[in-house]
Amino acid sequence: MLVYLNSDWEPAHGGEVSLLPFLAPPVVVPPKLGTVVFFRSDRILHRVLPSWAPRLCFTLWVEAPWVNADEDLLLRSKHLAPAFRDALRKSPLQRVLSRAVYEEEYAESLRQCFGAASTAGRVSLQLHQAHLRQLPKTEEVAACVAELRASKASC
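Numbers in the numbering used here are just positions in the sequence shown, counted from 1, shifted up by 34.
Heads up, a few of these hints could be off.
Said to hold, decoys possible - Below, computed lysine to any residue pairings styled on SDA-like, alpha-carbon distance capped at 25 Å:
| no. | residue 1 | residue 2 |
| --- | --- | --- |
| 1 | K66 | L166 |
| 2 | K186 | L166 |
| 3 | K124 | F72 |
| 4 | K186 | L109 |
Said to hold, decoys possible - Simulated restraints, written as ranges between beta carbons of each label pair:
| no. | residue 1 | residue 2 | range |
| --- | --- | --- | --- |
| 5 | M35 | A176 | 34 to 42 Å |
| 6 | F72 | L107 | 19 to 27 Å |
| 7 | D106 | E173 | 23 to 31 Å |
| 8 | K66 | A115 | 14 to 22 Å |
| 9 | R167 | A58 | 26 to 34 Å |
| 10 | A151 | S85 | 17 to 25 Å |
| 11 | K112 | L166 | 18 to 26 Å |
| 12 | A115 | L166 | 16 to 24 Å |
| 13 | K112 | H47 | 30 to 38 Å |
| 14 | V157 | S185 | 26 to 34 Å |
| 15 | L107 | V62 | 26 to 34 Å |
I should point out that these hints are in silico values taken from the structure, not numbers from a laboratory. Computed from a predicted structure; not experimentally measured. Think of the CB as a built atom: it goes at the ideal place given N, C-alpha and C, for glycine as much as any other residue.
Build the full structure now, drawing on both the sequences and the hints.
Following this line, the structure appears as structure tokens:
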């Protein structure tokens, strides 16, 4: 949950939160005073866009025993089947593939956050690439990621 406290926010200030529902159009929320944003961070890829003015908010993270269970994190062959695509959109399993499906968006967010030339930026991008290399290198995974990337492009 995010609660924004910016009474004089203007679009030129930036700092919006961008929610990227899996294979759906992004939702950008301006950080205006009194705006409350609820979302499941385990199911919605998200980022804060660059801010050009002070941005005030508070964030509340809620832990639950049903988050990050094995069935939410262990990708099985059945999850890669075309018949599972619609269910994958709503499943926490999409997190396993989201970095590959949103590879460019994720890298751009890291560059904007840390600066591409900074040490933190370079290390973050290297870690992102290392994470992508950990995905199983099978034709089935590659085909699934390619299909999901094409679906994302049509949003």
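Status of each hint after checking the structure:
no.	hint	result
1	K66 to L166	violated, 35 Å
2	K186 to L166	holds, 18 Å
3	K124 to F72	holds, 16 Å
4	K186 to L109	holds, 20 Å
5	M35 to A176: 34 to 42 Å	holds, 37 Å
6	F72 to L107: 19 to 27 Å	holds, 23 Å
7	D106 to E173: 23 to 31 Å	holds, 25 Å
8	K66 to A115: 14 to 22 Å	violated, 43 Å
9	R167 to A58: 26 to 34 Å	holds, 27 Å
10	A151 to S85: 17 to 25 Å	holds, 20 Å
11	K112 to L166: 18 to 26 Å	holds, 23 Å
12	A115 to L166: 16 to 24 Å	holds, 22 Å
13	K112 to H47: 30 to 38 Å	violated, 46 Å
14	V157 to S185: 26 to 34 Å	holds, 31 Å
15	L107 to V62: 26 to 34 Å	holds, 28 Å
Against the hints set out earlier in the document, violations occur for numbers 1, 8, 13.
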